[in-house]
Structure formats: structure tokens, C-alpha cells
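Residue strings, one per chain:
Protein chains: 2
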Amino acid sequence: MADIEKEAALPSKKNFSDWYNELLWMGEIMDVRYPVKGLYVWYPFGFAIRRNTYAIIREILDESGHQETLFPLLIPENEFMKEAEHIKGFEDEVYWVTHGGKAQLDVPLALRPTSETAIYPMYKIWVRSHAALPLKLYQIVNTFRYETKHTRPLIRLREITSFKEAHTVHATWEEAEAQVKEAVELYTEFYKRLAVPVLRSRRPDWDKFPGADYTDAIDALMPDGRALQIGTCHHLGNNFAKTFDIKYETSSGEQVLAYQTCYGISERSLAATISIHGDDKGLVLPPEIAPVQVVIIPILFKKEAEEVLAACKDVWARLKKAGIRAEIDSSDLRPGAKYYKWEMKGVPLRLEIGPRDLKNNVAVVVRRDNGTKAQLPLPEIVEGVKAGFEAIHENLYAKAKAELESHIISCTSLTEVKKAIQKNIATIPWCEKKECGLAMEEEMDAGILGIPLDQVEDKPAKCPICGEETKTRVYVARTY
Amino acid sequence: MADIEKEAALPSKKNFSDWYNELLWMGEIMDVRYPVKGLYVWYPFGFAIRRNTYAIIREILDESGHQETLFPLLIPENEFMKEAEHIKGFEDEVYWVTHGGKAQLDVPLALRPTSETAIYPMYKIWVRSHAALPLKLYQIVNTFRYETKHTRPLIRLREITSFKEAHTVHATWEEAEAQVKEAVELYTEFYKRLAVPVLRSRRPDWDKFPGADYTDAIDALMPDGRALQIGTCHHLGNNFAKTFDIKYETSSGEQVLAYQTCYGISERSLAATISIHGDDKGLVLPPEIAPVQVVIIPILFKKEAEEVLAACKDVWARLKKAGIRAEIDSSDLRPGAKYYKWEMKGVPLRLEIGPRDLKNNVAVVVRRDNGTKAQLPLPEIVEGVKAGFEAIHENLYAKAKAELESHIISCTSLTEVKKAIQKNIATIPWCEKKECGLAMEEEMDAGILGIPLDQVEDKPAKCPICGEETKTRVYVARTY
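Chains as they are written, first to last, in this note's numbering: chain B, 9 to 488; chain R, 9 to 488.
A couple of the hints might just be wrong.
A pair holds if it fits inside one copy or across any two, identical chains being indistinguishable in the list.
For lysine-lysine, the following DSBU-like pairs were computed, each having C-alpha atoms within a straight-line distance of at most 35 Å [as the list claims (entries may be wrong)]:
#1 K157 x K90
#2 K132 x K346
#3 K255 x K289
#4 K132 x K22
#5 K157 x K21
#6 K321 x K200
No lab work stands behind these hints, which were simulated from the structure alone.
Bear in mind the structure is a predicted one, so any value in this text is a computation, not a measurement.
Chain B on its own, in the form it takes in the complex (with noise of 0.2 Å):
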């Protein structure tokens, strides 16, 4: 990569704001200064990190027979407003394309915001018979949303460059169900390797997907204590598919309605897992998606320079042999120079050999995640090195989902909610009538996450608007 000045030390990561622009460039993910609003560009070693994410995802997908395909990027507008929900959703954020070279298209052009109006006129064609359902297809493309709010980098964009959704067809709004809450399992795994914990909740009703009968969502919490929705699973009930004529064959031979979902996962994926675990050193990465999992730094003497050079290159091959991606930084910096370098990457493990370590047969490990240093027989190094790695996952986890816990207060009164929310989650009863929810969300200036798809609680409390008894809590959070 082209060299990147970094003069400039990270600020502290109490600073969040701050610290997160920062991060993104100093370590390399991306670069802000492209001449649009709301679009960025990825570095290679940002890139490398969303590679190493999406093959997690795909692995996830597709060995819960989810299959991967493309649908075309512009929707022509009689398609796009065919569901009318779904329109009131969208309309003002669909970027249109109205040109071809100097002539006017005779029918305007959507840039996909999401997918579903592109794909269903197609499953209109494929679903047939109840045979071949469910249909479970997703793709990973890039969306388009004209944000007039505040962008940032990963989370509000004006593209979307990642964003993997999936479409389902069922027989019944009960296998529909099912999916729904399937793709939530799968999600949570998904973040489980990401090392992020996560909220799992239904979206109260006046803030489901536009066409949708129920969205379950899922949330991270972020440093500042506000939180970010990085998944959604929508139930489409038979909605979308009165719209789009999507209907299949009984084993009766009778034409029916069919039922969907959709679901999806942006590059927000990365925006938390890199939020969650770097520290004021810079990047912290689980290391199943760091490009760079171990740095191999030689520590050299004039005398025995050749030799240790020898045992790195020795280290760094056996550690490629067993699938390591690993690096040798024999350049001219001093030691203290690389590892400020290595840790600014988020690089989970670093290997240190010099001329007694080599007499000793070993190497000094130094951990990302913890700063802790140990001894490493060098025959056992790609052994030591795995476990290393899951010892540091293990430990991101853990200590994600303490932060995460620590970090939802039980409250029952709104005016303790206000002030929770400021660095936290917050829990409230709530008696689950609309009024109340709209009336609780005014009063305390945040929204309603959802109800808690996993219980937290089930003593009867009294919503706080119209003090009926309720068993029910919801969380609530600033968003991003």
C-alpha cells in the first residue's frame, strides 16, 4: 500500500468518535477522502479483514443449504413501487438512475436499496411446486441508500458495499417462523466468531421492515454505550408475495400463496467487531479474520544475524504449512517502531526471536488482546501459535460479553432509563399497546430496541405510561 503517514498518535478510545475515524485510517481500513459523501474506499488491508469476514458468513450460509446468486443491481421503477409499504419505506432514499449516455430512459432506474423488488418478480417465474421449497438464496452486493443524516464510515453509508441478504420462499407462515428464527441462530454464530456478543430482540412494531409482518433484530453495543443494529430477520408473511403473484403448487394441485423472509448483514458487522476490541493501541482482531495472524520480528546482532533470520524464515514456513498467515518484518525499523506498527493492525500474535531466544529454542510470544508475554518452544510453535489464537478469541469474547452485561441496566421508572441510556442499554417494563411504547419513546428521547428474543426478566413490573402490570421488558437504547 501507498505509505500512510502516522505521525499522529491514536487518541484514546474514551474519546470514541474520535478514536474510530482514526483507527479507520490509521489502520488502514478505509479512507475517507473520497469526493462524495457518504462513500469511502477500502483499503487492501481493510479489504483483506472484510474477505476474511465474508468467507465466515458464506461458510455459515452455505452449509445451512443457503445458496449464493446475483440479481441485478437497477430495479425499473414500475417493479420498485409495486409494494406499497414498502415504497413509504424507501422512497425517499432511492437513488435513481434517469440517463443512458445522453438519452433519457423511457423508465427510470432504481439503485437496489435492498433487494426484494428485484428478486420477486423472478420467484414469481421460479417457485412452482411445493416440492422444491423452501427456496433459501442470498447474495452479497452493493446497496444504495441517499442518506441525509450524518454518514460514517461502515455504519451510515450512502453505499452499502456489503451487504448479504438472503430470500426465502416457504410453505407456511409457520416454516416462514422458523427461518426467521434459524437466520437469527445463524447470525448470532456468525458474531460468535467475530467475538461479539449480541441483542436479540423484535423490533417493536412501528419500527419493522416496510412490508414486513415482524423484523427480530439483532444489536452490539457500542463503546460509547449506544447501540448498532448489525442484523436483521424479517418475516414477509405473504405480503410481498400477493404484490409479486408468488404462488406454489399443493400436493393437491391447488395454487397457493407462498411465505418469505429476507434477511441481512452489512459491513456494520465489521464497524462492531473492530469497535468492541480495539484499544488505544489500535486494531484488535480476532484472529480468524486477521490478514496478518502472527508477525514474526527477528531481534538481530551483527554476529548472529544470518542465523536468526534463518529460524524466523524457518517459523514463518511451517506456520504457512499449517494455513498461518504470517509475516516476516525484517525491515529497518527498531523493534519499538514495529511493534507500534504490528499493533496498530490489530495483529493477534507476535513472535520475537533473537540470538538467545534461538540458543534456547524458543521464540517470545506477545499477545494482541492482553499484552501478556510467553515462552514458545520453536518445535512446537504451530501448536503454541492455534492455541494462541484461541485463547485470545475465547478471551475477546469474554471480555465483550462482561462489557455487554455490565452494560444493561434494569430500570423502572423513564427518568431512570434517561439517565441509564446516556452509557448504557436500559430495560423497561412495557405493557406492549402502541400508545404507550410511542409515548415512552418521546418521553425518554431514545427508541425501543424490542422485546428481548431471549428472556432477561419475568417479574411483573408496571409500564411506566399507563402503570398496567406487565411481564414484559423491552430494552432501549440510543442508536446509531
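Model the placement of chain R on the given structure of chain B, informed by the hints.
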């Protein structure tokens, strides 16, 4: 996938255009029924071929020191309009986004037809010192061309869904020249992995990339005798560097203009692969890119059904463990219908296992490329299958190479050329003067592909227009 009706038989490959269209459908590569001209939908099976194919190009580029990155799709009009030649080349084909929601944009945004004008404003910032050169980045993206010509899946598209474009920066013209040579070699290697032999030539000056010093190109011979351009490598000189102010500091501290190259490959790579190897029975896929590499057909009779199925599963498990993509077809179809189905999908090897085979501890193995049958001892099935893959790949390449070579016709007159190019690629002497080249093209009603990069013949002969003696020959072909 949904149940696609395949009652019609595939047309003979002699009717190439019909055969191609039907094959894309019956082989489940692309669906052409998307409601916008020139935009197509990838079936999951087709997309799996695409995944395997692009894994090869990624591997080749990564190993030769390229890094993957990602730039925005949308290019602001002012950047897009900076390079005069480039605009002229693309202005009739560019899609323009003019509206976001209901608001007109201040600056119209082009959908990239190619990414020079998206990438080079960033290169202006990134390129600093000679020490960080060369810079070799690539991305795999969707690009857009408002095609007014007849569109065709994988070949002439309004959304090129799989454009692999590399963009490099160098200190000198000569280093850029060497990079173009490397690119041509890498692409040749890529196509060899697809068992596709190529013609390599330097495009005539009037047919080079808009804004380039010269263009080297790679073409394949399609079954109808036409040439398909399947890769281009451009030496950009410092033309774009001047426009976008891309400079580096030399070791003596001077600021000088950089030199650049770019080179691209698209899903035409799949069009060529499918077209060249396929036959009247359907797809014939090189093993490396086949989504299903081996299909196992249990030949079931009531008595030994259980043992046969168990043996099939055992074979499947051993193949899977060896990294081979295998499937057992234990559906209710008759064996003949199964053969038909998997032959259509181009599966390289079919294993049949019945009670008699089991007794002899063998499987019958049938090659898709030439139909030959043999017996493979079950204990050596993995090695046997791997050897089969190699033999198939070699045979496909050798056959395609012989086909290509037999269709290059050395001509001395334009009359000969006109006849030859009805079913072949012709060569003809050319004095290298532009006016003679254009006159030849006019007379032949066909384009000069270019001057071969690989020696074809060096006996002096006469330019058919001016009669001047020349050692240069050019390829002439009808093209897509």
C-alpha cells in the same frame, strides 16, 4: 433451485447462438427473464461456477503481489469529465444518477463504466515516494454500460457483474511496460486453468483503450469462428497521471509524474469457457471450476440396495475429505435421466456403483469430456478421481488448442480473408500504416484484432493495400 422445466432438448452446437442461449438456461447459468434489457440473473449453479473461477484469478493476482481493494460505484461528473480521450470513449454509454429520493442531485453521478476516474483521485493522495512503488491494486466489481447494441448474457451486458480490474502505478514507462507484459502472462495462465487457449495481440492504435498509450488484448475463438475479447491490458503512459496529478518523489527529492497500467477481465471468461468446452449434451466444465466435480450414481436393486448406498456414502465421504466436491444422486429418477441431468450440468466425472461393482470392489467411472468408461478400484478412488481430473483438463485444453490452431488461416489477399473469417481467424500482412489498416477493415468488413504478441510467421509479404513489403502480420476476425 426451483424446478426448471427442461423438456426441450438442447439444440446442436452447430447452431451456436441457439445452443448458447438454451445452454445458459438448461445448464442453470443465467436467467434472461429479468425485466430490464441487458440485465440478467445468475442461477445459483452458474454463480457457483463464477465463484470457483474468480477464486483462481484472485489466487493468481494475490500471488503476484496484487492487493484487493474496493472503490465506490458512483463517480462525480466533474471527476469523470477530466480526461478528454476517456470521456469520448465512454460518454455515450454512461448511466447517470440524477436524483436522490425526490431531490435532484447537485452533481450528477456516473455509474462506473470502468474505474480510472474513481481510483485515480485517490492515487493522487496515496502515491508519494518511489520507495512505495509499484502500487498494484485490483477490485472485482459491477460496472455499467448503456449498450445500444444487441445484448447477450455474459458477453454484452448493461451490468457487467464481475469486472476484475487492476490498476498499477510505476516509476518509469519501462516498468509499466513490464507490468503489461506480466498482466498478459497472468491472464494467459488464468485461461490455461480454464483450459482456454488464447490469442494475444496488440490492438491497432485506433482500437486501443481511450486514454492509453497502447492496449494488449487476449481473445478466444468462439465456436462460430468469431473472436471474443476476454482480457485487455493497457499501458496508460502518464496520460492519466497528468490529468489527475499523480506524482511521486524520486530518491533525489524531485516530484515527477508516475506511469500507470490497468487491465481487466469480466464474466466473458465464463462465456468463453462454457462455449468452447460444451457439447450437444450440455456443459463440459474443467474440474477446477465445476460446482459438482463428481456425481455418484448408486445402481440400486432391492436386495443389495443398502450395501450399495453405504458404499456410495463411503466414497462420497472420502472424496469430500480430499477436498473434492461430490454429490450422490439417490433420487427416484431412472439412471438414464440422471446421466442426462448431470451431463447437462457438465459434471466432469460420473461414478456408477452397483452390486456387481461392489463385489469386484470397483466403481465404473465415466468421463464427461470424451464419454470413456473405465473401472476404478474403490480403495484407490481418491487418487483415481484426481488423475481423472488432470486427464480431463489436459484433454480439454489440447482439444481447444488444436481447434484454435486449425482455425487460424494464413492469407495473402483480402478476398481470401473475407472467405476465411466466415469460420476462422485470418492472418494477413500489414505495413503498419494506419491508412492501410483502416482501408483493409473497410474492405474486409471486419476488424483487425492486432499484431500478434507471439511470433506467427516472419516471411516478408506484401501489404494488400499499398503493396509495401512487411514482416508484420495481423489477426483479422469477426468479433462479438
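Copy assignment of K157 with K90, given that the CA separation must stay at most 35 Å: both (27 Å within a copy, 30 Å between copies)
Identical-chain pair category, K255 with K289, by Cα at 35 Å: Cα proximity of K255 and K289: across copies only (32 Å, versus 56 Å in one copy).
Within, between, both or neither, where K157 and K21 count as close if Cα-Cα is 35 Å or less: Close inside one copy (24 Å), not across copies (55 Å); limit 35 Å.
Homomeric proximity label, K132 with K346: Cα distance no greater than 35 Å: between (57 Å within a copy, 27 Å between copies)
Copy assignment of K321 with K200, given that the CA separation must stay at most 35 Å: both (33 Å within a copy, 32 Å between copies)
Intra/inter-copy verdict for K132 and K22 if alpha-carbon distance must be at most 35 Å: For K132 and K22, the Cα distance is within 35 Å only across copies (34 Å; inside one copy 51 Å).
Going down the numbered hints, you'll see the structure goes against none, and every one checks out.
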